[in-house]
Amino acid sequence: MRAYLLQIAAVTLINVKSIPQRFWLSLSTVVAIGLVVTVLLAFLAMAYGFQRTLAGTGATDVAIVLRGGSQAEVNSTVSRDQVRLIEDGPGIARGADRKPLVSAELYLVVDGVKRTTHTKANVPLRGMGPQGPAIRKAISLVAGRMFAPGSNEIVVGKGLIGEFEGFEPDSTVKFGTSTWTVVGVFAAGGSVFESEIWADLPVVQSLFNRNNYFQTVRAKLTSPATLGPLRDYVDNDPRLKLDVKSEADYFAEQASQTSDLIQKLGWPLAIAMALGALAGALNTMYSSVAARTVEIATLRAIGFGGTPAFIGTVVESLILAIIGGVIGALATYLVFDGFTTTTMGANFAQVVFSFKLNGGLIFQGVMLAVIVGFVGGVFPAIRAARLPIVAGLQS
Amino acid sequence: MNDFVLIRKNLFRKKLRAILMIVSILIAFAIFGVLAAFERAFNVGQEVAEADRLVIVNKINFTQPLPIAYFNRVRAFPGVREVTHANWFGGYYQDPKNVLIVFAVEPETYTQIIGSDVIIPRDMRQAFIRDRAGALVGEGMASRFGWKVGDHIPISSNIFSQKNGSHTWDMTIVGIFGKRKPQIDANVMLFQYDYFDETRSFGKDTIGWMVLRTTSPSINDQVAKGIDTMFANSSYETSTDTEKAFNKAFIAQLGNIALIVTLVVGAAFVTILMIVGNTMMMIVRERAREIGVLKTLGFSSARVLRLVLGETVLLAIVGGLPGLAVAAAVTLMLRRSLVQFVPGMTLNPSIILTGLGFMLVLGLATGLLPAINAWRLKIAVAMGRG
Chain W
518 MRAYLLQIAA VTLINVKSIP QRFWLSLSTV VAIGLVVTVL LAFLAMAYGF
568 QRTLAGTGAT DVAIVLRGGS QAEVNSTVSR DQVRLIEDGP GIARGADRKP
618 LVSAELYLVV DGVKRTTHTK ANVPLRGMGP QGPAIRKAIS LVAGRMFAPG
668 SNEIVVGKGL IGEFEGFEPD STVKFGTSTW TVVGVFAAGG SVFESEIWAD
718 LPVVQSLFNR NNYFQTVRAK LTSPATLGPL RDYVDNDPRL KLDVKSEADY
768 FAEQASQTSD LIQKLGWPLA IAMALGALAG ALNTMYSSVA ARTVEIATLR
818 AIGFGGTPAF IGTVVESLIL AIIGGVIGAL ATYLVFDGFT TTTMGANFAQ
868 VVFSFKLNGG LIFQGVMLAV IVGFVGGVFP AIRAARLPIV AGLQS
Chain B
355 MNDFVLIRKN LFRKKLRAIL MIVSILIAFA IFGVLAAFER AFNVGQEVAE
405 ADRLVIVNKI NFTQPLPIAY FNRVRAFPGV REVTHANWFG GYYQDPKNVL
455 IVFAVEPETY TQIIGSDVII PRDMRQAFIR DRAGALVGEG MASRFGWKVG
505 DHIPISSNIF SQKNGSHTWD MTIVGIFGKR KPQIDANVML FQYDYFDETR
555 SFGKDTIGWM VLRTTSPSIN DQVAKGIDTM FANSSYETST DTEKAFNKAF
605 IAQLGNIALI VTLVVGAAFV TILMIVGNTM MMIVRERARE IGVLKTLGFS
655 SARVLRLVLG ETVLLAIVGG LPGLAVAAAV TLMLRRSLVQ FVPGMTLNPS
705 IILTGLGFML VLGLATGLLP AINAWRLKIA VAMGRG
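Chains W and B are the protein sequences, given in the same order.
Residue numbering for the first sequence follows our numbering, starting at 518 and increasing by one per position.
Residue numbering for the second sequence follows our numbering, starting at 355 and increasing by one per position.
Certain hints may be false.
Beyond 10 Å from chain B on every Cβ pair, some chain W residues (computed) [unchecked claim]:
| id | residue |
| --- | --- |
| 1 | LEU522 |
| 2 | LEU523 |
| 3 | GLY573 |
| 4 | LEU625 |
| 5 | LEU658 |
| 6 | ALA765 |
| 7 | ALA769 |
| 8 | THR859 |
Taking lysine to aspartate or glutamate pairs in the EDC-like style, the calculated list, with each CA pair at most 16 Å apart, reads [to be verified]:
| id | chain 1 | residue 1 | chain 2 | residue 2 |
| --- | --- | --- | --- | --- |
| 9 | B | LYS517 | B | GLU552 |
| 10 | W | LYS691 | B | GLU493 |
| 11 | B | LYS517 | B | ASP559 |
| 12 | B | LYS579 | B | ASP595 |
| 13 | W | LYS762 | W | ASP777 |
| 14 | B | LYS451 | W | GLU770 |
| 15 | W | LYS758 | W | GLU770 |
| 16 | B | LYS535 | B | GLU493 |
| 17 | B | LYS732 | B | GLU640 |
| 18 | B | LYS535 | B | ASP471 |
| 19 | B | LYS451 | W | ASP760 |
| 20 | W | LYS637 | B | ASP595 |
Taking beta-carbon pairs under 10 Å as the criterion, some of the chain B residues facing chain W (in silico) [what the hints assert, rightly or not]:
| id | residue |
| --- | --- |
| 21 | ILE379 |
| 22 | ALA384 |
| 23 | LYS413 |
| 24 | ILE507 |
| 25 | ILE509 |
| 26 | SER511 |
| 27 | HIS521 |
| 28 | GLN537 |
| 29 | PHE556 |
| 30 | SER593 |
| 31 | GLY609 |
| 32 | THR616 |
| 33 | LEU617 |
| 34 | LEU627 |
| 35 | VAL630 |
| 36 | GLY631 |
Hints in this document: simulated from the structure, not taken from any laboratory.
Cβ coordinates follow ideal geometry from the N, Cα and C atoms, glycine included.
Please take these sequences and the hints and turn them into a complete structure.
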């Protein structure tokens with residue numbers, strides 16, 4: 518047994534040491550596999566980055582109330598009476614002043630100018646009640662102060678200011694004929710709120726001709742478990758044709774739509790490219806076997822088995838593939854990880870997000886490389902193992 | 355034996371190697387074809403835009419409303435041949451997930467303005483103008499749900515409600531329209547603005563946007579500026595742009611699709627450039643002796659160069675053409691499942707032409723270095739090699 522393992526080790530070593538003889542061809546396999554892994558991981562990092570931004574937004578102990586069937590905040594409408602009824606609902610947390618922690622909000626889409634392209638794009642302007650920032654988790658000001666109630670003041674998210682022009686603190690912004698002053702910049706733990714502009718609800722209602730008009734209600738729950746009773750309360754009141762969801766579920770649904778789409782584009786592309794790279798890998802490995810025909814036949818003639826020749830070839834292929842996979846993963850990490858961009862979210866407005874890689878994704882990428890390397894090595898390896906000794910020595 | 359026979363025999367001398375190279379080229383061209391069709395379909399709004407059409411939206415953002423009174427003021431504006439208005443309805447059928455593109459429109463002018471994009475039979479158009487609860491449906495949508503003229507269908511809105519609190523409007527299909535241009539999206543439903551405006555619970559007397567035709571594309575700028583100036587400093591300022599620019603800006607909001615497509619196709623082509631180029635280098639090295647024989651027989655260096663280049667170009671074509679065929683098949687398959695997302699995805703002649711160009715470039719690029727090596731090869735050196 519030991520002798521056999523030594524045979525395998527010896528032949529594998531010969532294989533690996535012969536790689537430089539086919540340097541350019543081997544390099545082309547490495548590059549091909551590296552590019553496949555880069556393409557796959559770039560798409561997966563895009564999907565994961567978007568998902569993380571949205572999924573990180575919702576809290577389980579915040580209920581979001583939308584008009585029935587409206588799907589997204591931008592579509593929803595809620596009347597003042599409905600807002601009052603929800604404030605009286607069960608399971609809603611109260612502040613120190615015994616007032617319910619509820620924020621009725623208006624979600625409008627306005628134009629912003631993107632820094633990269635200098636073109637107009639949809640950005641969300643959210644009018645919120647005084648409880649609005651307090652209800653959301655992990656909100657902190659990174660510059661300036663919060664908007665003052667009753668004033669034309671806005672605060673902008675950290676992500677928005679990074680991607681859009683003209684929202685620097687103390688600058689003024691025009692939406693139609695109304696002029697607003699940016700008084701602060703807020704962070705929200707990398708969530709989708711960082712792509713938004715916030716202002717005082719009554720001011721937004723009045724300047725956008727939407728008096729007594731609300732779109733969503735957010736309510737802080739005493740615990741995530743009280744979502745059920747609140748939903749029952751809404752379902753049992755015929756005046757409330759509304760959907761009640763936890764904020765976490767609401768954003769998770771939105772995240773899955775877009776990130777599923779990105780993954781559905783990324784995987785087939787990567788698999789198609791992997792087939793192309795596989796053809797390259799097979800080509801390289803068949804050439805490797807062909808170049809060593811005499812050598813393999815000689816080894817067989819002096820008593821080496823077929824298995825070491827088989828394993829040696831597979832290992833050579835795997836090594837090339839893994840080098841390619843690791844280079845691809847490294848390249849994706851260096852080029853794309855943290856790359857910030859925007860896309861249109863479910864609320865018809867731009868969501869700022871960053872590409873993000875994680876260990877699981879890198880593993881998927883390297884596994885794809887290993888599969889290509891293995892399949893690309895097996896068939897040439899079978900040829901090596903079955904090489905007729907006499908014919909091999911003659912060639 | 356002419357040179358082509360020699361090239362062909364050379365290429366397929368080692369069948370497996372040739373097939374593997376062909377497969378990798380085939381895949382790269384299939385990826386190119388599908389992604390190019392995808393990108394083309396994505397940008398179709400710019401291609402089908404008519405040069406004399408302008409779009410007027412609220413200056414704050416196109417999702418903000420405009421007052422209906424603006425319609426008559428624009429209609430009377432000098433240089434405006436015709437104008438219509440439309441409203442996004444946020445439609446769905448039965449389940450909120452069955453999203454439909456539904457516009458509440460001014461029936462007479464809207465059908466007139468889109469007359470260059472779609473085919474609406476005259477009697478159906480008249481019925482649509484007459485029937486308050488009538489709806490015109492694109493053939494794509496009608497076939498998706500099996501709707502026919504005369505069907506009564508409940509269409510819900512995820513935005514609007516009726517005054518009675520219902521989210522659903524009853525409509526009668528009075529016509530089904532086809533497309534005049536292949537790239538057009540006939541997956542749309544139109545119904546009367548008056549019916550919509552009188553029944554909805556909020557937003558009365560507002561419209562979403564206007565589309566107008568100028569008397570000539572040369573006065574587009576002048577008309578656009580004039581209209582925006584007319585409404586400046588009012589509580590609803592406008593932003594007027596060509597249909598093409600508007601569609602382009604809208605698509606750009608989804609992301610830089612062109613860049614993504616370029617990077618992926620680029621990666622696929624670099625891969626085959628490496629694989630095929632290096633394999634050809636190896637092949638020329640293997641055939642050194644043979645090339646020496648050819649030169650001894652009186653083949654000029656230029657002819658040897660042509661032979662090698664001919665082989666790589668032939669390889670690119672033999673791999674590339676079936677690659678484009680695969681792309682056409684995949685595009686056809688994806689067409690249906692992506693109809694909501696990118697309608698009208700096709701592998702059009704310009705993509706095929708670009709593909710042919712890439713085949714030539716790829717063939718020459720992969721053959722260049724090996725061909726130069728073969729060209730330079732001295733007979734004495736060649737014959738000395740194994």
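Going down the list of hints, with the structure as the test:
Interface exclusion of LEU522/W from chain B stands, the closest Cβ pair being 32 Å apart, more than 10 Å. No beta-carbon of chain B comes within 10 Å of the beta-carbon of LEU523/W; the shortest separation is about 32 Å. Non-interface call for GLY573/W relative to chain B: holds, since the shortest CB-CB distance, roughly 20 Å, exceeds 10 Å. With a closest Cβ-Cβ approach of about 7 Å to chain B, LEU625/W is found to fall inside the 10 Å limit, against its non-interface label.
Distance check on LEU658/W: its Cβ is at least 26 Å (rounded) from any Cβ of chain B, clearing the 10 Å threshold; non-interface status holds. Interface exclusion of ALA765/W from chain B stands, the closest Cβ pair being 20 Å apart, more than 10 Å. In this structure ALA769/W is separated from chain B by more than 10 Å, as the shortest Cβ-Cβ distance comes to about 16 Å. For THR859/W, the non-interface assignment is contradicted: its Cβ lies about 8 Å from the closest Cβ of chain B, within the 10 Å cut-off.
Between LYS517/B and GLU552/B the alpha-carbon distance is near 9 Å, which keeps this suggested pair within the 16 Å criterion. Restraint check for LYS691/W and GLU493/B: not satisfied, since their Cα atoms lie roughly 43 Å apart, outside the 16 Å limit. With a C-alpha separation of about 15 Å, the suggested pair LYS517/B and ASP559/B falls inside the 16 Å cut-off, and the hint holds. Straight-line distance between C-alpha atoms of LYS579/B and ASP595/B comes to about 9 Å, which keeps the hinted pair within the 16 Å bound.
Between LYS762/W and ASP777/W the CA atoms are separated by roughly 21 Å; this puts the pair beyond 16 Å, and the hint is violated. Annotation: proposed proximity of LYS451/B to GLU770/W holds, straight-line Cα distance about 12 Å (limit 16 Å). Note on LYS758/W and GLU770/W: the hinted pairing is violated, with a Cα-Cα distance of about 21 Å set against a maximum of 16 Å. A C-alpha spacing of about 13 Å is found between LYS535/B and GLU493/B, which places the hinted pair at or below 16 Å, so the restraint holds.
Only pairs whose Cα atoms come within 16 Å are accepted, and LYS732/B paired with GLU640/B is accepted, the gap being roughly 15 Å. Straight-line distance between C-alpha atoms of LYS535/B and ASP471/B comes to about 6 Å, which keeps the hinted pair within the 16 Å bound. For the proposed pair LYS451/B and ASP760/W, the alpha carbon gap of about 15 Å is at most 16 Å, so the pair holds. Distance check on the hinted pair: LYS637/W and ASP595/B sit about 12 Å apart at the alpha-carbon level, within 16 Å; holds.
With its C-beta approaching chain W no nearer than about 8 Å, ILE379/B sits inside the 10 Å limit, and its interface hint holds. A hinted interface residue such as ALA384/B counts as satisfied when its beta carbon comes closer than 10 Å to some beta carbon of chain W; here the least separation is about 7 Å, so the hint holds. Interface hint at LYS413/B: satisfied, since its Cβ lies 6 Å from the closest Cβ of chain W, which is below the 10 Å cut-off. For ILE507/B, the suggested interface contact is broken, since its CB lies about 17 Å from the closest CB of chain W, more than 10 Å.
Here the hint on ILE509/B is broken, as its CB sits about 12 Å from the closest CB of chain W, past 10 Å. Interface restraint check: SER511/B against chain W, minimum CB-CB distance 8 Å, threshold 10 Å, status holds. Evaluation of the HIS521/B hint against chain W yields a held restraint, the C-beta minimum of about 6 Å falling below 10 Å. The restraint placing GLN537/B at the interface with chain W is violated, with a minimum CB-CB distance near 21 Å, outside the 10 Å limit.
Given hint, PHE556/B at the interface with chain W, holds; its Cβ is 7 Å from that chain's nearest Cβ, closer than 10 Å. This hint holds: SER593/B has a C-beta 8 Å from the nearest C-beta of chain W, less than the 10 Å allowed. A hinted interface residue such as GLY609/B counts as satisfied when its beta carbon comes closer than 10 Å to some beta carbon of chain W; here the least separation is about 5 Å, so the hint holds. Against a cut-off of 10 Å between C-beta atoms, the interface hint on THR616/B is violated, since the closest Cβ of chain W lies about 12 Å away.
Hint on LEU617/B holds. Least Cβ distance to chain W is approximately 8 Å, under the 10 Å limit. The criterion of a C-beta within 10 Å of any C-beta in chain W is met by LEU627/B, whose closest approach is roughly 9 Å, and the hint holds. Annotation: VAL630/B was flagged as interfacial toward chain W, and the flag holds, the nearest CB pair being 9 Å apart, inside 10 Å. Annotation: interface hint on GLY631/B holds; nearest CB of chain W at approximately 8 Å, less than 10 Å.
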